[in-house]
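**Student:** Listed below, chain by chain, are the residues.
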Amino acid sequence: MSARDHVLALDTATDVASVAIVETTRREAVAELEARPSALLARLDDLFDTARVEKTALGGVVVGVGPGRYTSLRIGLATAKAIATALKIPITGVSTLDALVAGAPGAVPLIDARRGEVFMHDGELVCVAPERVAVDGRLCVGDGAVAYRAELEARGATVPGESDPRHRVRAAFLAQGAGRTGLALPVEPLYLRAPDAERTRKEFPQA
Amino acid sequence: MSELILGLETSCDETAAALITADGAVLSNVISSQADLHARFGGVVPEVASRRHLELVEPVVSEALVEAEATLSDVAKIGVTQGPGLVGALLVGLSYAKGLSWAAQIPLAPVDHLHGHVASLFLGDDALEPPFLCLLASGGHTLVLVVNDHAGFEVVGGTRDDAAGEAFDKGARLLGLGYPGGPALDRLARTGDPSTHTFPIARVDGLDFSFSGVKTALLYAVRELDETALAERRADLAASYELAIVDALLQRIEQAAEHTHMDTIAVVGGVAANSAFRARLATLGARVAPLPLCTDNGAMIASAARYAPNVSKAGYLAVDAYSSR
Ligand SMILES: [Zn+2]
Chain A
1 MSARDHVLAL
11 DTATDVASVA
21 IVETTRREAV
31 AELEARPSAL
41 LARLDDLFDT
51 ARVEKTALGG
61 VVVGVGPGRY
71 TSLRIGLATA
81 KAIATALKIP
91 ITGVSTLDAL
101 VAGAPGAVPL
111 IDARRGEVFM
121 HDGELVCVAP
131 ERVAVDGRLC
141 VGDGAVAYRA
151 ELEARGATVP
161 GESDPRHRVR
171 AAFLAQGAGR
181 TGLALPVEPL
191 YLRAPDAERT
201 RKEFPQA
Chain B
208 MSELILGLET
218 SCDETAAALI
228 TADGAVLSNV
238 ISSQADLHAR
248 FGGVVPEVAS
258 RRHLELVEPV
268 VSEALVEAEA
278 TLSDVAKIGV
288 TQGPGLVGAL
298 LVGLSYAKGL
308 SWAAQIPLAP
318 VDHLHGHVAS
328 LFLGDDALEP
338 PFLCLLASGG
348 HTLVLVVNDH
358 AGFEVVGGTR
368 DDAAGEAFDK
378 GARLLGLGYP
388 GGPALDRLAR
398 TGDPSTHTFP
408 IARVDGLDFS
418 FSGVKTALLY
428 AVRELDETAL
438 AERRADLAAS
448 YELAIVDALL
458 QRIEQAAEHT
468 HMDTIAVVGG
478 VAANSAFRAR
488 LATLGARVAP
498 LPLCTDNGAM
508 IASAARYAPN
518 VSKAGYLAVD
528 AYSSR
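Chain order of the listed sequences is A and B.
Oh and the first sequence: position 121 is 121 in our numbering, straight run, nothing missing.
Oh and the second sequence: position 95 is 302 in our numbering, straight run, nothing missing.
Treat the hints as calculated values from the structure; they're not laboratory data.
Cβ atoms here follow ideal geometry from the backbone N, Cα and C, with glycine treated the same way.
Incorrect hints may have been included.
Unchecked claim - Over 10 Å on every C-beta distance to chain A, these chain B residues come out as not near it, computed from the model:
1. Gly231
2. Glu265
3. Pro497
To be verified - Keeping only pairs whose Cα atoms sit at most 30 Å apart, straight-line, the calculated DSSO-like set for lysine-lysine is:
4. A/Lys88 with B/Lys520
5. A/Lys88 with A/Lys55
6. B/Lys520 with A/Lys55
Stated by the list, open to error - Incomplete in silico selection of chain B near chain A, CB under 10 Å:
7. Glu254
8. Val255
9. Val299
10. Leu301
11. Gly306
12. Gly365
13. Ser417
14. Val495
15. Leu524
Please model the entire structure based on the sequences and the hints provided.
**Tutor:** Next comes the structure, spelled out in structure tokens:
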């Protein structure tokens with residue numbers, strides 16, 4: 001009865017959490033919604049109700065591992081790990097930047113890292129000032145692109161309007177990306193910065 | 208045996224999970240302390256703590272289940288610390304517990320950390336029955352509580368500044384004992400003479416405490432000594448300092464007992480692990496939580512959950528962490 005033919009996908013790397021139930025064979029989201037990261041589980045429960053999908057129909061969990069906001073990433077990862085453990089199904093991590101690209105092929109995905117920096121993929125994952133992003137007239141998407149629009153546009157980038165859906169991370173794309181490219185990451189946040197105390201210690205080792 | 212309660216605690220620097228039975232027997236109590244991780248910073252770094260909790264929460268819960276020879280299907284209720292504590296740290300445990308509850312359809316009880324400390328007395332064969340007077344003394348709190356029933360308490364006294372455990376930690380740092388300092392100071396004090404120095408404890412109104420003055424007094428005492436002299440006097444200073452704090456705590460409990468007309472006195476929290484304090488409490492006939500239940504642990508959270516009202520599914524799915532009461 002309960003063919004495990006659906007995947008739960010969720011991403012909490014940015015201020016808007018995204019959740020989707022994806023049908024495995026068609027790789028199509030049967031339901032998805034956005035929520036505040038702190039309201040993730042309450043909305044997730046609603047999603048299953050409206051989609052009329054049973055938890056027992058889940059064959060896996062896919063979770064966005066960032067880079068992004070640390071506290072809200074941890075909410076998503078802790079939730080996803082617990083669900084996978086309780087349902088005894090596998091869990092996969094996917095880069096949130098990959099999910100952004102899946103929704104805007106060819107674009108440069110940028111996630112706001114605060115403190116005047118963006119998270120981006122530049123050969124490797126980095127945390128840099130927007131002035132250092134190689135844009136070359138390309139399309140930039142993500143909340144990092146919205147936050148540093150002026151800096152990016154001044155250097156020839158195209159940044160869609162703030163309400164353009166390509167800036168939003170859609171969990172459905174996580175599931176599709178993970179299935180297609182098999183870019184599975186460990187289920188741990190992609191921390192690109194050391195904790196503050198650690199950095200202070202390095203800069204002032206005697207402190 | 209689908210009657211177990213799983214308790215999960217991540218409010219500060221211990222990732223802890225435990226399983227207890229419906230009548231309060233502790234089946235497992237797994238505590239993974241991050242103390243070593245924070246030692247080089249001289250205190251708990253919230254971001255470092257949160258990262259570690261996320262790494263540890265799953266292995267700690269699974270070890271608690273294994274030690275109890277149970278699986279999630281044996282769990283009838285999940286208790287989890289909602290606050291007070293470090294919000295980022297709390298959110299890891301809370302999110303994990305909520306995810307388990309939702310997916311495995313197990314009722315969840317959000318627990319107040321302080322109630323958890325009190326509920327450590329309701330565990331085991333000789334569980335303490337309310338009413339009683341309770342001193343909760345830890346690194347984050349120093350409270351005098353009247354406990355009239357299993358489900359809550361009334362606060363009748365608190366600290367105006369530092370918590371008692373904080374006073375021990377800060378004293379240990381002044382004496383160069385590293386972090387966490389409480390246990391190190393306890394060990395050193397056993398080799399010292401507590402009558403060599405007098406550290407006055409401020410008297411404040413009501414049933415409140417103040418520990419900032421005694422810390423300053425120690426600072427001045429240490430400043431007067433050169434390195435050699437300090438090395439010689441360190442154990443005596445530790446013993447005298449410890450005595451001052453222990454005296455203040457005991458005086459207040461006795462006053463509170465008189466004031467509230469309560470005969471039974473109990474002490475919980477990390478400071479209750481201090482050996483000098485425990486010895487004095489024994490002569491007073493006070494009840495002290497067993498050692499593994501003094502510092503933050505999952506069993507006390509499970510114990511509090513045992514008496515917490517059931518929360519509706521919609522209610523617990525929406526529950527959020529809080530940093531202070
Ligand atoms: Zn505590």
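**Student:** Now tell me if each hint is right for this structure.
**Tutor:** Consistency of the hints with the structure:
no.: 1; hint: Gly231; result: 25 Å, holds
no.: 2; hint: Glu265; result: 6 Å, violated
no.: 3; hint: Pro497; result: 30 Å, holds
no.: 4; hint: A/Lys88 with B/Lys520; result: 22 Å, holds
no.: 5; hint: A/Lys88 with A/Lys55; result: 11 Å, holds
no.: 6; hint: B/Lys520 with A/Lys55; result: 15 Å, holds
no.: 7; hint: Glu254; result: 4 Å, holds
no.: 8; hint: Val255; result: 5 Å, holds
no.: 9; hint: Val299; result: 5 Å, holds
no.: 10; hint: Leu301; result: 8 Å, holds
no.: 11; hint: Gly306; result: 3 Å, holds
no.: 12; hint: Gly365; result: 29 Å, violated
no.: 13; hint: Ser417; result: 29 Å, violated
no.: 14; hint: Val495; result: 34 Å, violated
no.: 15; hint: Leu524; result: 4 Å, holds
Violated hints, in rising order: 2, 12, 13, 14; the structure is consistent with all others.
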